[in-house]
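Those sequence lines, one after another, are chains U and C.
Under the working numbering, think of the first position of the first sequence as 1, with each following residue one higher.
Under the working numbering, think of the first position of the second sequence as 1, with each following residue one higher.
Misleading hints may appear alongside valid ones.
Same chains, same names: a pair is fine if it fits in one copy or spans any two.
[What the hints assert, rightly or not] Only pairs whose alpha carbons sit at most 25 Å apart, straight line, appear in this in silico DMTMM-like list of lysine to aspartate or glutamate:
#  : residue 1 : residue 2
1  : Lys31     : Asp46
2  : Lys225    : Glu134
3  : Lys14     : Glu35
4  : Lys147    : Glu175
5  : Lys14     : Glu150
6  : Lys143    : Glu22
7  : Lys26     : Asp182
8  : Lys143    : Asp42
9  : Lys243    : Asp182
10 : Lys26     : Glu150
11 : Lys256    : Glu154
12 : Lys260    : Glu167
13 : Lys14     : Glu237
14 : Lys143    : Glu113
15 : Lys26     : Glu128
16 : Lys211    : Glu79
17 : Lys225    : Glu35
18 : Lys225    : Asp46
By construction, these hints were calculated from the structure, which means they are not laboratory data.
Since we're looking at a predicted model, the values are computed, not measured.
Number of protein chains: 2
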Amino acid sequence: MSNVNWIERGEIAKQWVLEAAEHIKKALASKIHVEAKSNPDDLVTDVDRSTEAFFYEKVSTHFPSHHFLGEEGISENVEQMDGTVWIIDPIDGTMNFVHSQFKFAISLAVYHEGIGKIGIIYDVMAGELFQAIEGQGAFLNGKPVQKITERPLEESILGLNARWIVEDRNPYRRELAQLVRDVRGIRSYGSAALELAYVASNRLDGYISVKLSPWDYAAGIIILKETGCCVTNFNGESLSLLKGGSVFAGKPAFHKEVIKRYVGRER
Amino acid sequence: MSNVNWIERGEIAKQWVLEAAEHIKKALASKIHVEAKSNPDDLVTDVDRSTEAFFYEKVSTHFPSHHFLGEEGISENVEQMDGTVWIIDPIDGTMNFVHSQFKFAISLAVYHEGIGKIGIIYDVMAGELFQAIEGQGAFLNGKPVQKITERPLEESILGLNARWIVEDRNPYRRELAQLVRDVRGIRSYGSAALELAYVASNRLDGYISVKLSPWDYAAGIIILKETGCCVTNFNGESLSLLKGGSVFAGKPAFHKEVIKRYVGRER
Chain U
1 MSNVNWIERG EIAKQWVLEA AEHIKKALAS KIHVEAKSNP DDLVTDVDRS
51 TEAFFYEKVS THFPSHHFLG EEGISENVEQ MDGTVWIIDP IDGTMNFVHS
101 QFKFAISLAV YHEGIGKIGI IYDVMAGELF QAIEGQGAFL NGKPVQKITE
151 RPLEESILGL NARWIVEDRN PYRRELAQLV RDVRGIRSYG SAALELAYVA
201 SNRLDGYISV KLSPWDYAAG IIILKETGCC VTNFNGESLS LLKGGSVFAG
251 KPAFHKEVIK RYVGRER
Chain C
1 MSNVNWIERG EIAKQWVLEA AEHIKKALAS KIHVEAKSNP DDLVTDVDRS
51 TEAFFYEKVS THFPSHHFLG EEGISENVEQ MDGTVWIIDP IDGTMNFVHS
101 QFKFAISLAV YHEGIGKIGI IYDVMAGELF QAIEGQGAFL NGKPVQKITE
151 RPLEESILGL NARWIVEDRN PYRRELAQLV RDVRGIRSYG SAALELAYVA
201 SNRLDGYISV KLSPWDYAAG IIILKETGCC VTNFNGESLS LLKGGSVFAG
251 KPAFHKEVIK RYVGRER
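Required output: the full structure, derived from the provided sequences and hints.
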């Protein structure tokens, strides 16, 4: 396994993503069946499920020894990150998908022995494909992403869902409210995967969320690393791919300052 | 003036918008000069100014009797809405433009004797052109926009800038915080003009702002009207095109409920 060609494998993964996107676009022409999962706002559709099954079929046929972890419940032997693991969110931003068929993404990551090898985030309707292979840089539709440029915190634009600053049970409510006051602007696109890709491509200076799951950020981690951005939990620790939690991605100086002054354990 | 062909004039306006967008995209290749206006986060660039001048030159040459109101200070005799008035925001979402060259728009409106005749909102980088001519419907890149579908308030997605719910001096802070708790999702794209276009095209159920200026919403009003959406101030009154204030656009039932329960005078 030491001489795997990850660039070639990345090309295969990209073709699968584009193929899945065509299925999704076709499905939009017919009626989509929507269900709630853990709460009334946590949605899943038959298209999420069929897209996950599509990827599982591809991976298990072409790479029978690989493991698979998908948002919609297909999980194969993923209690640790040994071997090669595919982590897939078939439709990240399902609420956007259901409401408006706008700003949702396929997120696909491949890890080998715990190391991120391939990350792809695809905005299906906008046709924007963000991709990184370990050590090869990050690309948007085949061109290097815009280089990140640092700005002082008070001139930064942060991706953050306004829900976090009104929910009393959120332990970071006050800290995030202060951060919202201190930065220059707040954006919210409704797809964590895309917002991580936007940090990597200089569209946002940071993106913060109190709770995400591994399939939301598995690909983002790999793309962010290639652009020199940082992504950790609120204490500045590496993210787990086996269980979710807080996530903060940002340009290095902004990332350091927000953890130190707002959300980190030592603040 | 009673037999003006507004469809033909809308076509001319659209060509100017596309031409202006080409200038803006070219300008992105060179260094952009940024200044702050009323406060450090209220930005203007030489590209905003040159784009406004481009439109003023076009309008004053082709329609010398028309009036003109632009965000960046070109105003010709607009103390009332008599005659034909062009209201233009050359770059709506200047912060996005400066930071990331992503999600900014040209907003162009033509009013005749106070009646909205032509509205155009163009997302320059995404190439999405929203357009309406009075009585002719609303279009996205030449095709009718997605028909609006009503949802209950608790399933709605609202465009709202999180800044409004952390600023103590905002008199609607509590009401908007409660609204954020009650709806299904919050989005923020950083361009009021685009967010109004997104309400008109079923991507958002509503968009709310405590303070906007006429050039931010002049085109949005015309596009929203063609799709059956409502847009008023927080008391449900028609918006002024001569001075700014609160703005709430939404699908009819959602609009009515939010004004009644959250932000209207009679709440």
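Numbers of the earlier hints that this structure fails to satisfy, in rising order = The structure conflicts with hints 3, 4, 5, 7, 8, 9, 13, 14, 17 and 18, although it agrees with all the remaining ones.
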